[in-house]
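*Asks:* Here the protein sequences line up with chains A and B, keeping their order.
The first sequence maps to residues 610 to 1049 in my numbering.
The second sequence maps to residues 610 to 1049 in my numbering.
Warning: the hint list may mix true and false statements.
[Unchecked claim] Here are the in silico distance ranges between beta carbons for each label pair: (1) A:SER792 x B:SER1038: 52 to 58 Å; (2) A:LYS640 x B:ASN1040: 34 to 40 Å; (3) B:GLU807 x A:SER792: 31 to 37 Å; (4) A:TYR642 x B:GLY714: 39 to 45 Å; (5) B:ASN674 x A:ASN674: 54 to 60 Å; (6) B:VAL876 x A:LYS640: 22 to 28 Å; (7) B:LYS788 x A:GLU634: 52 to 58 Å.
Quick caveat, the hints were computed from the structure, so don't treat them as lab data.
Bear in mind that the values here come from a model prediction, so they are computed numbers and not experimental data.
Where a beta carbon is used, it is the ideal one built from N, C-alpha and C, also for glycine.
This is what each chain is made of:
Number of protein chains: 2
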Amino acid sequence: MKDKDIKKINIGMIGFGYIAHGVFELISSQKEYIAKKIGKQLDIIRIAEKDPDKIKKIPGDVSSNIKISSDAADVLSDPEVDIVVELIGGIDPAFEFVSSALAAGKYVVTANKDLMANRGRDLYRIAEKNNVDILFEASVLGGIPIIGPLKTTLASDRIYKIVGIVNGTTNYILTRMEKDSLSFDQSLKAAQDMGYAEKANPSSDIEGYDAVYKLAILSSIAFNSRVTPANVYREGITRITSSDIEFAREMGYSIKLLAIGTDEDGVISARVHPSLIPGDHILASIEDVFNAVYVYGKYIDRIMSYGRGAGDRATSSSVVGDIINIARNFDRERKGIIYGCTCFENKKIRSIDNTASKFYLAMDVADRPGVLAKIASVFGRHDVSINSMIQKQTDVPDGAKLIFITHMVKNKDLYLSVEKLKKLDVVRSVNSIIRVEDLD
Amino acid sequence: MKDKDIKKINIGMIGFGYIAHGVFELISSQKEYIAKKIGKQLDIIRIAEKDPDKIKKIPGDVSSNIKISSDAADVLSDPEVDIVVELIGGIDPAFEFVSSALAAGKYVVTANKDLMANRGRDLYRIAEKNNVDILFEASVLGGIPIIGPLKTTLASDRIYKIVGIVNGTTNYILTRMEKDSLSFDQSLKAAQDMGYAEKANPSSDIEGYDAVYKLAILSSIAFNSRVTPANVYREGITRITSSDIEFAREMGYSIKLLAIGTDEDGVISARVHPSLIPGDHILASIEDVFNAVYVYGKYIDRIMSYGRGAGDRATSSSVVGDIINIARNFDRERKGIIYGCTCFENKKIRSIDNTASKFYLAMDVADRPGVLAKIASVFGRHDVSINSMIQKQTDVPDGAKLIFITHMVKNKDLYLSVEKLKKLDVVRSVNSIIRVEDLD
């Protein structure tokens, strides 16, 4: 292709933090390569960043034509900008910026999971009205292609389940606890030292919020119905102990923070919580900061995607992949929807109370005759049926540890039974309640 | 969306075998679902199948409007047909049909790996000339999205390695040999009984030809340069013995048929052969007919996709995914290239002779002093350096088995050294030569 035939696609970036650096570096260094591949040249013509320190870091030598500003409006109002790349994160003011871009007939690429999980529908409506689209592959699982496949190759299938390890920080912590026999606090500190967890406030990761956003987005796309973070049950990993890891291993399980979405006959269940999974399942071998997600469909049976779910390089690959998707058939005179919104259904959400799970329970009890009978009787009255049990001696005089794994039971019934157990004089404490997912 | 707003996309199918049945069933049963999702209705309006027995199996009740014929020309010449789905397989007459369809300005979707691996470039040229496209997600890895991701989300990255288990039949056979301690012949029979391997002539699978086609296609896309089956080194699994499986396991390895493509500084190497891989690597846990492929890139580091690489349901999901990709923005008046050909480079191919590998070698030797010194001396003269060795007793008097794993060595040098070893009086036979891939 001759150089004069190559059309230029103009990009305006809003936000110039960690990921934006990666995007800038990728586009700058691979400009010729991408032009050869798609016959279009990607040109960053504007950058808006309100932090003066970050503005200083914008490499000025790559293109002297880049207009740098502290005001997003400069990007949004420039009629030359074809694609706006929003990388400031959070809902406000990102929503305002993105909706203005779409209303101005610009395509948008974002890595903002918080924004898409909470306001995706509103943004899609504005995009559709203006015959443009918003792409957000990078908002879920970093460099792993999942939104694109769900919206294209897998679009004909009826997806009924998604199960994934979607947060790298918590997976790193659980891996350290399992492999190096560290405590939760020691592993969290290791994650912070590696830069995987925020030092000031790691709760977005360890309390499961990050995974909730991602699951809300994935479930919405997979089940064609809007699932918001408020619809997702959430439990973090802060209460997982070294003993839990140890007992789980003895029983053939690993503990992972899972994001699980299911669509059973049009009723959606979405939940993020630690889970015991079989030690020989592929998800059990996903270690450190790697992510993986299984997608189950009527036709495909199951597929799994695995890779780095975070980091500036992997994430920027997805951002630029979306830009390429838009650029490939870009036509200023005749824009169009690329994937579009696929939430055309309005399915019910099942509450966690009415969801059935298997459970792992660890409790300290008195070590004397009749204890098990009393506990079994409480379980029986609440429809909790026991699959397996192990007993461990403790250092406490006359004490023992009991570890149960139940059969499937409604979450509500399990929690009721635990309340009753706690009132038994023979039960000293119920230390751990963790769901068990057998996975297939 | 109101029904009258829904545009109809007309599909003509050529070939009505196993996969075509799946495609027909999927489109028929999910027509409304797909229409809601993409705002277009997929209508199969013509089917051409030359086998009268298969024509009888075409369900006539789904739509009385389907015109059935024994002549592909009836599909190709119908101006109402927007998308031609070619599912007859093989190069001839598929090439003729597909090129005619493209020349007539029709989009093409195919699952034909043989055709795309051998004649992809020619077909792309015709497609480009006519401003249409040919999509073939189903030609590689059945229901697992891999071509779409490589052409979109991963298009910005510089992919430098692909390693995959891309043939389900051979993976099933090797899994049975490893898990059930069956011989190769017993496992092949099991695969034939399950319908995974052809009874009459299983060689396309077990000799590695099927994997070669797939690797040629994946390497061409990943490395942006044409790789044909003739460029791919091939070795099947027919010479793998139960002893190899057993010795490999003892040394911590599994044996898998790998398809490996690499691009080292613009020189491509592509090869299909059995390999010892570390037993704790994720690829070692890919069992039975499942497939998995790792893609390594400068930005993504690595991603892996896993799923069912064959079967009518999984494969038809990819065929219809491609149809959806075309249909989503279909415009009769203004067609366009969707992904297009991305082989814009012309890279060199490295011969297997000049490729470096680690090797597993199993040989029967005389059990007497000085044997190892003689063998080591031959290895030394050919730059073969030994990483580890185990010795096993045999039933043969005065005989022993030696198992070596070498360090990296040029294939040429390794084979030269084996020729020399065979001439030593102390070496009774060199039974197995299998490459070892440490994988990272």
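*Asks:* Go through the numbered hints given earlier and state which of them the structure violates, listing their numbers in rising order.
*Replies:* Numbers 2, 3, 4, 7 - these are the hints that the structure violates, sorted from lowest upward.
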